[in-house]
Amino acid sequence: MNSVSRPHIPAGAEVIAYGNVLEVGTIEEGPFDSPITGSSVYRIRTANGEITTRSVQIVVPRIEFETSWHVWKGGTVIAGGPGISRDRMDEYASVHGGDVVYGWPAA
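Just so you know, my numbering puts 18 at position 18 of the sequence shown, and the rest follows in order with no gaps.
Derived by calculation from the structure, the hints in this document are not laboratory data. The reader is advised that the hints may include incorrect statements.
[Said to hold, decoys possible] Restraint-style ranges between C-beta atoms, simulated for each label pair:
(1) Ser34 with Asp87: 27 to 37 Å
(2) Ala11 with Val95: 34 to 44 Å
(3) Pro10 with Glu66: 11 to 21 Å
(4) Pro35 with Tyr102: 34 to 44 Å
(5) Val95 with Gly75: 13 to 23 Å
(6) Asp90 with Ile51: 36 to 46 Å
(7) Asp90 with Gly12: 32 to 42 Å
(8) Ser85 with Ile63: 29 to 39 Å
(9) Glu14 with Pro105: 15 to 25 Å
(10) Gly97 with Ala11: 34 to 44 Å
(11) Glu66 with Arg88: 29 to 39 Å
(12) Asp90 with Ile63: 20 to 30 Å
(13) Pro10 with Gly97: 30 to 40 Å
(14) Asp87 with Glu64: 13 to 23 Å
[What the hints assert, rightly or not] SDA-like cross-link-like pairs, simulated, lysine to any residue; straight-line CA separation at most 20 Å:
(15) Lys73 with Arg43
(16) Lys73 with Asn20
(17) Lys73 with Thr26
(18) Lys73 with Ala93
(19) Lys73 with Trp104
(20) Lys73 with Gly103
(21) Lys73 with Arg88
(22) Lys73 with Asp90
(23) Lys73 with Glu28
Glycine included, every Cβ here is placed at the ideal spot set by N, Cα and C.
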């Protein structure tokens, strides 16, 4: 995912948090400064009901995820996100492997 500064995502918005495992959920609160990490985070209720916090740099509205190019490898996103071009993802996949997909891979 790119490191472009992102606008505030309001509470109640459906989001995707990038990471080793994609977290699908809803913004509960934030952004606020985490007393543990010192970074700006959102509090998210995941699809399975758990509450987690994630850095604002890795959280995007679900619609932005679904309309972005990604490289998927082994069931995980290894590159991509809003603002990243298809050409750049093709280059990345040619070096690192994986499949270039727009949004989610076909089931």
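Going down the list of hints, with the structure as the test:
Against the hinted window of 27 to 37 Å, the Cβ-Cβ separation of Ser34 and Asp87 comes to about 36 Å, which satisfies the hint. Separation of Ala11 from Val95 is about 39 Å and conforms to the stated range, judged on CB atoms against 34 to 44 Å. Evaluation of the 11 to 21 Å hint for Pro10 and Glu66 yields a pass: the beta carbon distance comes to about 18 Å. Roughly 38 Å separates the CB atoms of Pro35 and Tyr102, a value that falls within the hinted 34 to 44 Å.
Between Val95 and Gly75 the Cβ separation comes to about 20 Å, which falls inside the hinted range of 13 to 23 Å. Range check, Asp90 to Ile51: about 37 Å between beta-carbon atoms, so the 36 to 46 Å window is met. For the hinted restraint 32 to 42 Å between Asp90 and Gly12, the CB-CB distance of approximately 36 Å keeps it satisfied. Taking 29 to 39 Å as the suggested C-beta distance range, the pair Ser85 and Ile63 does not conform, at roughly 18 Å.
Taking 15 to 25 Å as the suggested C-beta distance range, the pair Glu14 and Pro105 conforms, at roughly 19 Å. Hint check: Gly97 to Ala11, Cβ distance near 38 Å, so the stated range 34 to 44 Å holds. Distance hint check for Glu66 and Arg88: the Cβ-Cβ separation is about 18 Å, which falls outside the suggested range of 29 to 39 Å. The hinted window of 20 to 30 Å between Asp90 and Ile63 holds, with their beta carbons roughly 23 Å apart.
The given range of 30 to 40 Å is respected by Pro10 and Gly97, whose C-beta atoms sit roughly 37 Å from each other. At roughly 19 Å, the beta carbons of Asp87 and Glu64 sit within the given window of 13 to 23 Å. Using a Cα cut-off of 20 Å, the hinted pair Lys73 and Arg43 is violated, with the two alpha carbons roughly 28 Å apart. Restraint check for Lys73 and Asn20: satisfied, since their Cα atoms lie roughly 11 Å apart, inside the 20 Å limit.
A C-alpha spacing of about 25 Å is found between Lys73 and Thr26, which places the hinted pair above 20 Å, so the restraint is violated. For the suggested pair Lys73 and Ala93, the alpha carbons sit about 9 Å apart, so the restraint of at most 20 Å is met. Between the alpha carbons of Lys73 and Trp104 the distance comes to roughly 12 Å, so the proposed pair stays at or under 20 Å and holds. Straight-line distance between C-alpha atoms of Lys73 and Gly103 comes to about 14 Å, which keeps the hinted pair within the 20 Å bound.
Taking the CA atoms of Lys73 and Arg88, the gap is about 16 Å. The hint holds against a cut of 20 Å. For the proposed pair Lys73 and Asp90, the alpha carbon gap of about 13 Å is at most 20 Å, so the pair holds. Restraint check for Lys73 and Glu28: not satisfied, since their Cα atoms lie roughly 30 Å apart, outside the 20 Å limit.
In this structure, the earlier hints numbered 8, 11, 15, 17 and 23 are contradicted, and the remaining ones agree with it.
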